[in-house]
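Enquirer: Respectively, the protein sequence lines represent chains L and U.
To convert, note that position 63 of the first sequence is 63 in our numbering; the numbers rise steadily by one, no gaps.
To convert, note that position 70 of the second sequence is 70 in our numbering; the numbers rise steadily by one, no gaps.
Honestly, the hints are just simulated from the structure, not real lab data.
Here the structure is a predicted model, which means the values were calculated and not measured.
Everything hinted at is true.
Just some of the chain U residues that point at chain L, by a computed CB distance under 7 Å:
#1 P43
#2 F45
#3 Y48
#4 Y96
#5 G101
#6 K102
Note that CB positions come from ideal geometry on N, CA and C, so glycine has one too.
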Amino acid sequence: DAGITQSPRHKVTETGTPVTLRCHQTENHRYMYWYRQDPGHGLRLIHYSYGVKDTDKGEVSDGYSVSRSKTEDFLLTLESATSSQTSVYFCAISGGSEQFFGPGTRLTVL
Amino acid sequence: GQSLEQPSEVTAVEGAIVQINCTYQTSGFYGLSWYQQHDGGAPTFLSYNALDGLEETGRFSSFLSRSDSYGYLLLQELQMKDSASYFCAVARAGSYQLTFGKGTKLSVIP
Numbered sequence: 001d002a003g004i005t006q007s008p009r010h011k012v013t014e015t016g017t018p019v020t021l022r023c024h025q026t027e028n029h030r031y032m033y034w035y036r037q038d039p040g041h042g043l044r045l046i047h048y049s050y051g052v053k054d055t056d057k058g059e060v061s062d063g064y065s066v067s068r069s070k071t072e073d074f075l076l077t078l079e080s081a082t083s084s085q086t087s088v089y090f091c092a093i094s095g096g097s098e099q100f101f102g103p104g105t106r107l108t109v110l
Numbered sequence: 001g002q003s004l005e006q007p008s009e010v011t012a013v014e015g016a017i018v019q020i021n022c023t024y025q026t027s028g029f030y031g032l033s034w035y036q037q038h039d040g041g042a043p044t045f046l047s048y049n050a051l052d053g054l055e056e057t058g059r060f061s062s063f064l065s066r067s068d069s070y071g072y073l074l075l076q077e078l079q080m081k082d083s084a085s086y087f088c089a090v091a092r093a094g095s096y097q098l099t100f101g102k103g104t105k106l107s108v109i110p
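Only chain L is shown next, with the shape it has when bound in the complex (with noise of 0.2 Å):
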């Protein structure tokens, strides 16, 4: 399996506060992804890395900015949450045509 993790795996906040969820590989793949999955919506690009800060937005980017100051990880922050956000939230890295995805996380924001 590829070595990527999620932190944290499950947080409950409350709509008006920051959160920030870590991304982090062993594999030294350039690109890495944050995607979020609601019923009914499949898997949705939130934002996109593409080296040591050069990211972009994807579909679902308002509401979310990133960082990556290291190859190894990508943080995905929530500057003030609101409950539109409550969701599960994968990251994913990529070294080509394939995706290997993390555990997720499960995020509620009452």
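Chain L is already provided as a structure; the job is to place chain U on it using the hints.
Expert: Using the frame of chain L, we list chain U on its own:
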């Protein structure tokens, strides 16, 4: 924009064969991937087709017709453990992003 269509649910009998179709509309199409996701788990890569034709990996095969903007995943000798959601995803030329379909929930019954 991009869009993918796949059936939302499919039910099949253990030991049988099932085909999950995926039609797509996208500019700059490069390839079609398939991912499997069990309930509560992370998506895992199954196959990738960049050229027309059939790719076989054990009990699973994937087909692509670029001229028809169509592909399918074929699962043979169905087992109960194949009960999962299956996602098709398109890759575009010059991009390492994937756009996912909403997924097909496969239920294998005895």
